[in-house]
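Number of protein chains: 6
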Amino acid sequence: MSGNRVAVFRKVTFNAAHRLYNKSWSDEQNRKVFGLCANEHYHGHNYRLDVKVIGEIDPETGYVINLDDLKRIIQEEVHNRFDHHNLNLDCPEFKDLNPTGENIVVVIYQMLRARLEAKYDLQIRLWETERNYFEYPV
Amino acid sequence: MSGNRVAVFRKVTFNAAHRLYNKSWSDEQNRKVFGLCANEHYHGHNYRLDVKVIGEIDPETGYVINLDDLKRIIQEEVHNRFDHHNLNLDCPEFKDLNPTGENIVVVIYQMLRARLEAKYDLQIRLWETERNYFEYPV
Amino acid sequence: MSGNRVAVFRKVTFNAAHRLYNKSWSDEQNRKVFGLCANEHYHGHNYRLDVKVIGEIDPETGYVINLDDLKRIIQEEVHNRFDHHNLNLDCPEFKDLNPTGENIVVVIYQMLRARLEAKYDLQIRLWETERNYFEYPV
Amino acid sequence: MSGNRVAVFRKVTFNAAHRLYNKSWSDEQNRKVFGLCANEHYHGHNYRLDVKVIGEIDPETGYVINLDDLKRIIQEEVHNRFDHHNLNLDCPEFKDLNPTGENIVVVIYQMLRARLEAKYDLQIRLWETERNYFEYPV
Amino acid sequence: MSGNRVAVFRKVTFNAAHRLYNKSWSDEQNRKVFGLCANEHYHGHNYRLDVKVIGEIDPETGYVINLDDLKRIIQEEVHNRFDHHNLNLDCPEFKDLNPTGENIVVVIYQMLRARLEAKYDLQIRLWETERNYFEYPV
Amino acid sequence: MSGNRVAVFRKVTFNAAHRLYNKSWSDEQNRKVFGLCANEHYHGHNYRLDVKVIGEIDPETGYVINLDDLKRIIQEEVHNRFDHHNLNLDCPEFKDLNPTGENIVVVIYQMLRARLEAKYDLQIRLWETERNYFEYPV
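Residue numbers (this note's numbering), protein chains in the order written: chain A, 1 to 138; chain B, 1 to 138; chain C, 1 to 138; chain D, 1 to 138; chain E, 1 to 138; chain F, 1 to 138.
Source of the hints: derived by calculation from the structure; they are not laboratory data.
A hint or two may mislead.
[Stated by the list, open to error] Pairs of lysine to aspartate or glutamate residues, derived as EDC-like cross-links and limited to a Cα-Cα distance of at most 20 Å, are as follows:
(1) C:K52 - E:D58
(2) D:K11 - B:E130
(3) D:K11 - C:D50
(4) D:K71 - C:E130
(5) E:K71 - F:E60
(6) D:K95 - D:D50
(7) D:K23 - E:D58
(8) B:K32 - F:E77
(9) A:K52 - A:E117
[As the list claims (entries may be wrong)] Which chain D residues stay away from chain A? Per the calculated CB distances, all over 10 Å, these:
(10) V33
(11) L36
(12) A118
[Said to hold, decoys possible] Label-pair restraints from in silico Cβ distances:
(13) B:V138 - E:T13: 42 to 48 Å
(14) D:L36 - B:E40: 35 to 41 Å
(15) C:N22 - B:E40: 42 to 48 Å
(16) E:R31 - C:A118: 25 to 31 Å
(17) E:K32 - B:N80: 27 to 33 Å
(18) F:E60 - A:E130: 51 to 57 Å
(19) D:N66 - E:D68: 41 to 47 Å
(20) D:D121 - C:E40: 34 to 40 Å
(21) E:A118 - A:D58: 51 to 57 Å
(22) C:K119 - E:D27: 25 to 31 Å
Cβ atoms here follow ideal geometry from the backbone N, Cα and C, with glycine treated the same way.
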């Protein structure tokens, strides 16, 4: 089977607070566009993340990537930054970037992309709720 | 992040009755091909729908599309037509079209495609049961 | 471990059509109370059923009940009657009984109760949708 | 079937921010007991709620309770208060009460209990994450 | 809220191999009763475990039990013994006890019961597959 | 709708034991790379399989493929070989191939590919646990 390209997925969760807000708009405009998501004191989510790594099967291990290594990278890049934090207040990534699902999924992609060898392809799916989720790249 | 293309998914459900039946066949032939699904008095499903919309992140909102707008379109096109209805008897779309998962997913795609701006790409996944589901386009 | 009382659960699904309707009421009254569920041509559900059987562990097998036997009984009593059928039109149990989740769960309890040895206790949970479910006895 | 007592369940979700914190303790003590949950700027959850109402089947409707009525009560008591809010800052119920799963589930029980007729029994299950959940009364 | 009795649940998973076999029976008898589960070289499951602990809310913490403590106890008693092991070959608990779901759930109850303070009540639910699960005590 | 290409998915499960092991390595090296998965006496999983078949809708049936036929092929190729078996000991496919998720998903693809008409495209997703899954081809 060695040499075949396979996609490997690892699913994790993290819990964070956020609000959606455009600083250059009035509160009224924020409320109109973002609804309850603009509420001043934040709300939160159990974010679920599916990390998809594509690569060739290593003939010695039968692995595309050791999932323990992938888990550690996700822990360092995602959990250490975001888990049990407030995305707007605690995370410099969202200081000037609205923490919508769309923006979060691209930010996480860039963080993990920087840590994976170039031979791997990467795609991220982020679940904000059971009904709304996001994927990058398309 | 603006300009990046991201996929946004919205998951909804609707409940409907249907039967599988080819009018040009004998009852025996229908029973042979469609099994219990050809039963005369209909059966039904909790259909689950994953609507995937692909587009660029808007720099002002951080959204690809406002999910409240997408929700409203799905309500108008899918729920108002199909929810708590009999696909064979109540829905002109299936007057001469067998309401298989395959046909339903294409019909829903066409309805939603007509309501979305051309800048968006669209893909539909329809779950008939927890074990059988359908996706269009491929 | 023999002699300990343990609860054993078997989860199954069946697909059926139904409508909620009280024959002694006007259509207007039915619509007012049952909403879309009163629609004339039926709708349907993927019903999920959790069958809970309580009994003592048999010292020879380590089983409370052989799940293959339980599966067969559920098949004969529930699937053969209801699966891919219209509860209102095809099932004499609901000829004069409104097929609400509450009534269905009691009917299924009575059918399975009649097939199980008296030494077993029985409880049924019926899921009409992912959000609405019913349990009997309490 | 009328007169049989059946349990009816309605599952809903709401999204909120919170932190766990005992005001009479030092920050160090809070950190020791509550770990990341004590982080200053809050985190959040997609809370899932299973509301269980037990009562007799009404012979006219086949319902224990009209789920549309139950839905409205949950909306008014739970969603209007907690959804997209910060439990610590926005909700007087948690001004002097640590918003642990245990305390939230009792608070929600009391709110819904006050709105339901005495003939109904009530039990609440609250999911804080996919792995941690809480039930009251026992 | 202090003094109210609340149930706290923690869900975990472990992966193990097993076979069902009664040493005092012939292979034919084992095959007849246990079917494929008696296959000689074992098969396996992703077991899911719901640990339910009932107790009073502590007024200082708002906790019934610190879930980190419960997690550690489950790790020591369940994962260290069973995870990624063969229940029949590696675990003395099942040397002379058929590792059915019924027997496993009682064994796990006894292990965790011995580690919890007497003031707590305990109930265990064990999922062998998505369709078959077990609960003790009843 | 006939002629449109649609993807049809069928989800199944099977239960098997396995261990990860490279015969040309020392036990120490196996333990270092595969961790608990190298344990001598095997562990096991409830494998979940999503089989995706892409083809044109048949105008007579409204089907891409009759799911009963697909179910039978999966039963013959996957369940008869792997269900309730030990992948390392019972299955010649893994005599000299480490049964990682990556290798299993490619093996299953090849088996099903050989049974499907050339007009169909095929993709397999294999879930080893709720958190780790694999897809081929990419």
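Of the hints given before, which are not true for this structure? 1, 5, 6, 8, 11, 13, 14, 15, 17 and 18
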